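Peer 1: Construct the entire structure; sequences and hints are all you get.
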Amino acid sequence: MKEDAALAAHAHTVKRYRGLMDWLTTVDHKKIGILYLIAGGLFFLVGGLEAILIRIQLIKPMNNFVGADTFNQLITMHGTTMIFLAAMPMLFALMNAVIPLQIGARDVAFPFLNSLGFWTFFAGGVLLNISWFAGDIPDAGWTSYVPLAGPTYAGGHGVDYYLMGLQIAGIGTLLGGINFMATIINMRAPGMSFMRMPMFTWAIFITSALIVFAFPVLTVGLVALTFDRLFQANFFETGNGGNTVLWEHVFWVFGHPEVYILILPAFGVISEVISAFSRKRLFGYSSMVFATVLIAFLGFMVWAHHMFTTGLGPVANGLFSIATMLIAVPTGVKIFNWLFTLWGGSISFTSASLFAIGFIPTFVMGGVTGVMLAVAPADFQYHDTYFVVAHFHYVIVGGLIFGIFSGLHYWWPKMFGRILNEKLGKATFWTFFIGFHLTFFIQHFLGLIGMPRRVWTYLPGQGFDTMNAVSTVGAFLMGIGTIIFIINVIVSAANKKPVANDPWEDGRSLEWSIPSPPPEYNFKQLPLVRSYDAWWNEKQKGNAEMPPAEPVGPIHMPSPSILPLIMSIGLFAAALGFMYHHTIIGIVGIVITFACMFTRSVFDDHGFHIEPEEQEKGVHA
Amino acid sequence: MSAHDHHLDGHLPHEPEKATLEGRNKILGFWLFLGAETVLFGTLFAAFIALRHQTLDGPTADHLFELPMVFAATMILLVSSLASVFAVQALHQHKVKPMIVWLIVTILLGLGFLGLEIYEFNTYVSEGHKFRTSAFSSSFYTLVGFHGAHVAFGVLWIGLLIAQIFKKGLTVVTAPKIYVSAIYWHFIDVVWVFIFTVVYLMGKVG
Amino acid sequence: MMNRWRVLKRLLPLMAGMALLLSACGREDLSTLSPKGPVAQKQFDLMTLSISIMALVVVVVFAICIYVLIRFRRRKGDNTIPKQVEGNHTLEIIWTVIPIILLLILGVPTINTVFGLSKDYSKDPEAVQVTVTSHQYWWEFEYPEYGIKTAQELVVPTGRKIQFKLASGDVTHAFWIPSIGGKIDTNPGLGTTNKLYLEFPNEGVFRGKCAELCGPSHALMDFKAKAVSQESFDRWVAAIKAPVAMPADETVKAAFESKCLSCHAIGETNAGSAAPNLTGIGSRQTVGGILYNDTTPVEENLKDWIAHAQSIKPGNQMPDVSTNVSYGPGKGTTATGLTQEELDGIAKYLASQKLEY
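Residue numbers (numbering that gives the first Met the number 0), protein chains in the order written: chain Y, 0 to 620; chain C, 0 to 205; chain X, 0 to 356.
No wet-lab data here; the hints were simulated from the structure. Hints should not be assumed to be uniformly reliable.
Dumping the calculated EDC-like pairs for lysine to aspartate or glutamate here, alpha-carbon to alpha-carbon at most 20 Å [claimed, not checked]:
#1 Lys-258(X) - Glu-340(X)
#2 Lys-225(X) - Glu-340(X)
#3 Lys-167(C) - Asp-603(Y)
#4 Lys-75(X) - Asp-505(Y)
#5 Lys-17(C) - Asp-603(Y)
#6 Lys-330(X) - Asp-68(Y)
#7 Lys-75(X) - Glu-421(Y)
#8 Lys-82(X) - Glu-504(Y)
#9 Lys-225(X) - Glu-144(X)
#10 Lys-353(X) - Asp-248(X)
This structure is a prediction, so every number in the text was calculated from the model and none was measured.
Peer 2: What follows is the structure, encoded as structure tokens:
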């Protein structure tokens, strides 16, 4: 055919890498998802170790396991690492692994930017953790309030590592948000209207919108504090007219949507897993979509509930109280829809579904303490105590982390072509679940009886001793649960038995219609979607495959590129250079970054084609 | 697929920037990026508004700002935006030479704007309004400076794109880049209108 | 059965927790669960209201959850596909409307209390005005109506509104006396002074805490609120304003004046200083906020503090006998280098600074 000849004439010899270079240059969402999982998992272990050290210090009163300085560094790094370097990347891992498959696409809208997003996150994460080796560690909390984090009270470079690390990592997150929004808007398979998308896709779509609108606020905050610290600006220097409460506003206008960025994807996972393992379609799909949109929208209106005790006045406190309570309504809608998905279903208890089922009561407990916190006058007692620590761990760990564990067990066969061992998975669940409740339930009471948070130690005889000891034991159990999961990963990697396309047999969405793991191009032919739960419905009709929306033909793929890695190294160098006032290194770093952008703009990526013959052989990513 | 289209039948589709999936993705992605940029500038504005009266011993906004010059800068930027509109019109008419001319006009006017701004900042510094002087000055230079940096980046970017058009011609690959750079240019123009109002006009009124 | 055991395993940690709840109401002078004043009481009432409503929600959700898991678990060998249900309009309305009603029940008292507890008694002649300034790591209390400045121990009369104006001398802290009422932040900078009122119906000593991360010794920034009768308060005011004599011994006096009064104030001497006021320090509950004078004699505590302040409260702005200040604006302030004789003398002198009220 004329087209074929023309295309053959333009066949580009593109370097296809193997081994390490493959992973360093990949723009394939499936590989990038795995990279996010490995990096996020490693940072999760780092954050977890920091948590264990914190709990050891707090096991008894007036303990001296670590000094006061080190303790403040541990709590700062634990929070920052867990939120930005562990939880979000592991969510990005699931997003990358699953979304293009669920919408019937071959990759995301911007594969190059996807890779850039990963490498900037990784560079930012490494930069933040280098502080441990530089001996100059941020110690003003993950919220980095001023003036404690300002130049006068945080001399040294600790907070600079925090600012630069988050700034660079934040670039990656923002790029990811834009990428997934564009992907979901523009690249759904033919027939997949918005209201036929899986709930996980909806959740990621809305989360991506939150990222796009929340992260730039943090960017400005970080820039302002960086300017105060490095260039003697006066945003927060009260002696020169600056305002410390301004930092709190800027941080929390970002910070509150951030926690919804964390939890909405987990909600998406729960919807998928509960539906699959009860063999029922999601109850109240349209309400679920609407509720998720409402939660995201309201999430931008409630930030000052973190600031009730700042002195905003009764009108502000009253408004933000009510707005915060309102979020309970759509959240409750979701809980009940999950319960009624289970109702009348055929419920199977696998590792994936145990985590999803365990999520429900745990998250509800976290949510109700959230409503309690929303009552501003009561919050004057709860604020900055262990009651808050208990609340947010209930929703973040009991919500998000359970959701991640659930999603990992569920989609592991799709990502890796291996199934995680069920016995070990259940052991993971029970140890982690019991350990979690043991650690954090008791912390509610610690807060109520007067224990503030972020305290390096506590005096004896206040009634705090036993409860703290119990909490520490729970933390160790959670550590054991995590180790069991890692053992599971290693053990099941060795089991090379091929995994079916649809290993749970009850798959409802498109990712289960293709091999595990999928070929490099995902779909040999983009599928034609005829309903919600498209794959499941085709199975009910007796079809073994999705109907195709296009003929077999050569598939165009984007080229791999080393530029994202180099750009991230440039940013990393620039950050260190400016932090330590080595302007030359700073400028060199910036130049490297811009040179990469220049190269990317000037040298167009023509990609390469995978021909039908290769597709027959099964080209694996 | 996409990159090879233009070879097949010799001439460009009607809206070349939207003729391919990559082009449509780039345009959508860029609008989303501008959404993020809007929030970014919004936060800078919020910080500025919160701190604008904290002048300490330094000169106040009323004292510093010379409206005629700022008005001139505004006009220059607005006209440059008009030039980029004409450039995109030429793009849609597949007229490469006029498109390049209008793009050159755009960046020349952008350079003019930057020149005026550098002169303006220099004057302020000599009047005692330095970056470190007060909370007002820090937030002023950060907000207006960030905008200026965006203009500078736009000038470099459009300059680079002009060079690419010379080398590769107007294709379904280069068209989205021009289109997107024009949207970017309009955006920084809109931001300037807000700066003119919130920083300069409100500064004079107090 | 297998699944009932699963369910019980899940409930066990929760029930254990509840049991601990009953045993841990905490210290009477510290816990928010034992309110000792009307402000804490109102806040406690809201806490009880909210937890009752939320407990109801939790019970309903848990009940449905447990029922569903038991009733609809997949039996062995059962491969049927259950009926696919799209949704139920009535149910959606029920579980939207009922939560809204519950929120109304919670919201109205909330708003009432928000405004009720934000009343300003600054102009009320019946109220006692106290200015609070927080520092790394001590609390300064000024009574402008009486011209008194003191530190670490807030003495107040019972039965009157105490109107606080709060600000910080360095970083952001938060002022909190849990059994008396909720906390409020202390911000640095002009125009950021906060207001809070509290009431102490009964006499007693109540524990106060700092509740905003403020540096290494945030955990050790305790203070005390001592509520006494009006007569006792009047005697305290008179006692604290009485002139204070310098140490009798010349060596001790010289050391005290040069090494201590360069920052501290006592009586009329050096009255505008930036370190804790030492008047009456001998009769306070603690030295340095955390060395209790009921378990160790105040003189011993004073010796310990003056000798080892830097290790007792890391990062604090007072140098001790052998260590300079290593952190913050006071970084580099040199160690006092007091001899044992001077140290003992100063400790004895300060221990004798007792107020009779």
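Peer 1: Would the hint linking Lys-75(X) and Glu-421(Y) be met if the CA-CA limit is 20 Å?
Peer 2: Judged against 20 Å, a Cα distance of about 17 Å means the pair holds.
Peer 1: Check the hint pairing Lys-353(X) with Asp-248(X) against an upper bound of 20 Å on the C-alpha distance.
Peer 2: 19 Å, holds
Peer 1: Next pair to validate is Lys-82(X) with Glu-504(Y); report whether the Cα-Cα distance is within 20 Å.
Peer 2: 17 Å, holds
Peer 1: Regarding the pair Lys-258(X) and Glu-340(X), is the alpha-carbon distance no greater than 20 Å?
Peer 2: Holds, at about 14 Å.
Peer 1: Straight-line Cα separation of Lys-17(C) and Asp-603(Y) no greater than 20 Å?
Peer 2: Holds: Lys-17(C) and Asp-603(Y) sit about 17 Å apart, inside 20 Å.
Peer 1: Checking one constraint from the list: CA of Lys-75(X) to CA of Asp-505(Y), max 20 Å. Satisfied?
Peer 2: Holds - the C-alpha atoms of Asp-505(Y) and Lys-75(X) are around 16 Å apart, at most 20 Å.
Peer 1: Can you confirm whether the C-alpha distance between Lys-167(C) and Asp-603(Y) stays at or below 20 Å?
Peer 2: 10 Å, holds
Peer 1: Lys-330(X) and Asp-68(Y): Cα distance at most 20 Å?
Peer 2: 15 Å, holds
Peer 1: Are the Cα atoms of Lys-225(X) and Glu-144(X) separated by 20 Å or less?
Peer 2: OK: Lys-225(X) and Glu-144(X) at ~19 Å, within 20 Å.
Peer 1: Does the alpha-carbon distance linking Lys-225(X) and Glu-340(X) stay inside the 20 Å limit?
Peer 2: Violated, at roughly 34 Å.
Hint violations for this structure: number 2 only, all remaining hints satisfied.
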